[in-house]
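Number of protein chains: 2
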Amino acid sequence: MEFTNKLKDFKIYMKDIEYFNCALSTLYWDARVSIPKKGAPYRGDVLGFLSSEMYKRQTSPEIKSYIDYFLSSEDADKITRAMADQAKREYDRSMLIPEDRYRAYVIAVSESEAAWEQAKDKADFNLFKPHLDKLIAFNREFIEYWGYEDSKYDKLLDYYEPGITVKKLDTIFTELKDAIISLLDRINASQRKPNNAFLRSDYPVDAQRRLCDSVLKKMGYDLNAGRVDVSVHPFTVTLGHNDVRITTHYYIKEFQSALFSCIHEGGHAIYEQNISDKLTGTMLKTGASMGIHESQSRLYENIIGRSRAFWTYFYPETQELFPQFKPIPLDDFYKGINVVQPSLIRIESDELTYSLHIIIRYELEKAIFNGDVSTEELPALWNKKYKEYLGVEPQNDSEGILQDMHWSSGNFGYFPSYALGNLYGAQFMQALKKDMPDIAQHITKGDLLSLNDWLKKNIHEHGAVYHPEELIKKVTGEKLNAKYFIDYLNAKYSDIYGF
Amino acid sequence: MEFTNKLKDFKIYMKDIEYFNCALSTLYWDARVSIPKKGAPYRGDVLGFLSSEMYKRQTSPEIKSYIDYFLSSEDADKITRAMADQAKREYDRSMLIPEDRYRAYVIAVSESEAAWEQAKDKADFNLFKPHLDKLIAFNREFIEYWGYEDSKYDKLLDYYEPGITVKKLDTIFTELKDAIISLLDRINASQRKPNNAFLRSDYPVDAQRRLCDSVLKKMGYDLNAGRVDVSVHPFTVTLGHNDVRITTHYYIKEFQSALFSCIHEGGHAIYEQNISDKLTGTMLKTGASMGIHESQSRLYENIIGRSRAFWTYFYPETQELFPQFKPIPLDDFYKGINVVQPSLIRIESDELTYSLHIIIRYELEKAIFNGDVSTEELPALWNKKYKEYLGVEPQNDSEGILQDMHWSSGNFGYFPSYALGNLYGAQFMQALKKDMPDIAQHITKGDLLSLNDWLKKNIHEHGAVYHPEELIKKVTGEKLNAKYFIDYLNAKYSDIYGF
Chain A
1 MEFTNKLKDF
11 KIYMKDIEYF
21 NCALSTLYWD
31 ARVSIPKKGA
41 PYRGDVLGFL
51 SSEMYKRQTS
61 PEIKSYIDYF
71 LSSEDADKIT
81 RAMADQAKRE
91 YDRSMLIPED
101 RYRAYVIAVS
111 ESEAAWEQAK
121 DKADFNLFKP
131 HLDKLIAFNR
141 EFIEYWGYED
151 SKYDKLLDYY
161 EPGITVKKLD
171 TIFTELKDAI
181 ISLLDRINAS
191 QRKPNNAFLR
201 SDYPVDAQRR
211 LCDSVLKKMG
221 YDLNAGRVDV
231 SVHPFTVTLG
241 HNDVRITTHY
251 YIKEFQSALF
261 SCIHEGGHAI
271 YEQNISDKLT
281 GTMLKTGASM
291 GIHESQSRLY
301 ENIIGRSRAF
311 WTYFYPETQE
321 LFPQFKPIPL
331 DDFYKGINVV
341 QPSLIRIESD
351 ELTYSLHIII
361 RYELEKAIFN
371 GDVSTEELPA
381 LWNKKYKEYL
391 GVEPQNDSEG
401 ILQDMHWSSG
411 NFGYFPSYAL
421 GNLYGAQFMQ
431 ALKKDMPDIA
441 QHITKGDLLS
451 LNDWLKKNIH
461 EHGAVYHPEE
471 LIKKVTGEKL
481 NAKYFIDYLN
491 AKYSDIYGF
Chain B
1 MEFTNKLKDF
11 KIYMKDIEYF
21 NCALSTLYWD
31 ARVSIPKKGA
41 PYRGDVLGFL
51 SSEMYKRQTS
61 PEIKSYIDYF
71 LSSEDADKIT
81 RAMADQAKRE
91 YDRSMLIPED
101 RYRAYVIAVS
111 ESEAAWEQAK
121 DKADFNLFKP
131 HLDKLIAFNR
141 EFIEYWGYED
151 SKYDKLLDYY
161 EPGITVKKLD
171 TIFTELKDAI
181 ISLLDRINAS
191 QRKPNNAFLR
201 SDYPVDAQRR
211 LCDSVLKKMG
221 YDLNAGRVDV
231 SVHPFTVTLG
241 HNDVRITTHY
251 YIKEFQSALF
261 SCIHEGGHAI
271 YEQNISDKLT
281 GTMLKTGASM
291 GIHESQSRLY
301 ENIIGRSRAF
311 WTYFYPETQE
321 LFPQFKPIPL
331 DDFYKGINVV
341 QPSLIRIESD
351 ELTYSLHIII
361 RYELEKAIFN
371 GDVSTEELPA
381 LWNKKYKEYL
391 GVEPQNDSEG
401 ILQDMHWSSG
411 NFGYFPSYAL
421 GNLYGAQFMQ
431 ALKKDMPDIA
441 QHITKGDLLS
451 LNDWLKKNIH
461 EHGAVYHPEE
471 LIKKVTGEKL
481 NAKYFIDYLN
491 AKYSDIYGF
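Sequence order for the protein chains is A and B. Quick note on our numbering: the first sequence kicks off at 1 and runs consecutively. Quick note on our numbering: the second sequence kicks off at 1 and runs consecutively.
Next up, chain A with everything else stripped away, as it sits in the complex:
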């Protein structure tokens, strides 16, 4: 009886936190999509206030008593335990840091973000360096409060991808890096150079919008429980139960940008839309981890969205919307959108080299938190690695070390989840093919719902109930590894580049 009542109260308590979270997401979405220019500063205050109200509830003695009770109770079922576990992660992360130190950190982050913007504009790392030093020092200090086992950096990785360690990533990323570099060598050596000149033309925004909508509908993104808007940077956000929205950005000169960002965000959104209703109000109605979430967006964007099967179905419609493609055979189009071209900017990179951008960031973050590199040495080290892995060299800090805002926000340990998404995605796809060997035929016919159903049943509907390690094991029977993604890359590019 005590258990039943306590569980009821715990659920009410968590539901209230979820309400705050949904209000925050709505205000955030509006700030990115709709807010008039002059309204932004006050909105920041409102967001700050609501965040602190939510934080109070996530760090109260009351939630601590629920966590302790349910984590030690033998009656707690899987969901209740996951709720308590999730609550504990937030609680520990916040409560182990002295309040004044955390407040100082928040201010430092806000100053750092402003400095990074300026530094990026002026392509001058020195303007950002003192702020980066400060944030690194804060994070080092926090790691001491939190405690760690093997590596300080582990603690940062674990926040975004529970269970991930330097030890695991070193093995996996080394294997991945070697495989990609070797593939790159073969691609560079290949005589076959697919033509993609037809991707430099004008693509009317209205036609782009229609193609995006059509693809999203076929993917199973429910537009009665979501919507597509325009923002500077594409993102996905869940504003509440049955309200998962995505944004994109249309460029008239870019055929691929809006489309693939829609497919990418659509992958995130379908994940969120497919989570079981019974997890509403538990704070588990979200992805299992950053990496698992990214696996769904990248699986849709690349493994599906850049596949021959996908374009077999969508190319005729695309040719109607963009008549300039009419003279281009499907096979040329397919190869054209899969051209490999090492470049400097992560978010503009091709499917193959993308992971190298991430691995470089991983290696630098690891070196930073191991104390193997000073921030002074970072730009040169960055450039050296780009030269070595990708064969390209930044001409200034803006297209080098300053390109991403993550570090300016103190998000160390976040980058690896992008690459892990590729690996998880290929592993899931392998498992899916065992269950549905004819998946390519389905996709060729425009049936993306079979894929959606399988992902829903195996991954999506469980939300954050399973730990990512549990989930990948449960779905694929294997641990996280790079094998299937490497096999996929080898097969895809040897076909396209003919080796």
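Hints listed in this document are in silico derivations from the structure and should not be mistaken for laboratory results. Predicted model, so just to flag it, every value in this text is computed and none were measured. Worth double-checking, as some hints may not be accurate.
To be verified - Quick list of in silico lysine-lysine cross-link-like pairs, DSS-like style, CA-CA up to 30 Å: (1) A:Lys218 x B:Lys37; (2) A:Lys37 x B:Lys11; (3) A:Lys6 x A:Lys88.
Given chain A, work out where chain B should sit, using these hints.
For chain B alone, kept in the frame of chain A given last:
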């Protein structure tokens, strides 16, 4: 010292309430403008949760101690006293009702709104009657908790328009009713019947949008601190400091609908945008009352927006956007948009007869709360009054007593503020003309900013610091009265109808 510290704390306390209010407004705006269909029910839960969090703060022992302290302190300045006064109104209204009765009422309202929708669809008052009975009984009960002097209905009126009583309204509305009915008689007897056939045509939505934007800009509505969206029913909402948004609805067959709703909502929005920044965080950054707010929207919509001076400036642009007006002389156009045609539906009525719709509702509400009429008798009484005052008769309850949703939400006492807006507006205009006798010439030249400035200085920037009675006295030197509005109507319609 105690005073200073306490005032600082009071301001922080009120600012937090304002943050909740802004979050609620943002979620509300989104629910009307953007939310995907399936997302609405959960959004209702989030709104309910945040409302109750705000309510807790508005009814806490802490706020009671601030109210008591500052209302009895001789050091409190005008603004502080107004803050405490405003807080007391909310506090008393809520705290005098036993909690279980209030909770029961909230449920009754929600059931009643659903029943009203059904009843309106089926044009059957009997489906709504039991709910209306229930809400009336609740309001009678609440009035006993609150206490009252002369009339029970006074207590309801006072909530929307502080200081307004049945005694005052009886005098004012009788005078107004007689004047309008006598004007209507003269209009009906007039040989002159302005032609408005040119208002039945197609008006492309894009051209309507451009005209609306152009007019709003000229009015001084700051689109960097606001935006115009589309919703089923037009409304204005303040989402935060420098973020006041309006909505409208474009109908291809209606030239006047979107335009005049934009001017109307623009009037509300300009009021909100013009409130002094120093009132941010005080909960006084809003209109002085419902009636004063409505005075600004109706002044812009009718006294300005349907004036000859206004169209002298905007007609050439309008003719460019809608070439079908090119053969129509300005004077014919002006008369055409001012044709008087008594009709059944309040929100579609012309400027002259609008107030009669309100007076009928006022008389019925008064009779209800005086116990002079049973709900059973209401539909017949409604129809009788429409026949008597307007010369039209509803064919069913849907175009009669069921047309407005206000009663289904328990908003008794709300309607009169719409008509008071007309009276306040004409009084303000009279005062403005004393300061700026050449205002019509300004408007003829498209200079609406002089008007905006005067309204800002005299009315807008004070927000809710002044009680409406104080404000009208301060600005016009007189009490609320019907004289100036009646003079305005007589002058306008004798000119148009030639008597």
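Outcome of the hint check:
For the hint linking lysine 218 (chain A) to lysine 37 (chain B), the alpha-carbon distance of about 19 Å falls within 30 Å, and the restraint holds. Restraint check for lysine 37 (chain A) and lysine 11 (chain B): satisfied, since their Cα atoms lie roughly 26 Å apart, inside the 30 Å limit. The straight-line distance between the Cα atoms of lysine 6 (chain A) and lysine 88 (chain A) is roughly 17 Å, inside the 30 Å bound, and the hint therefore holds.
In this structure, every one of the numbered hints holds.
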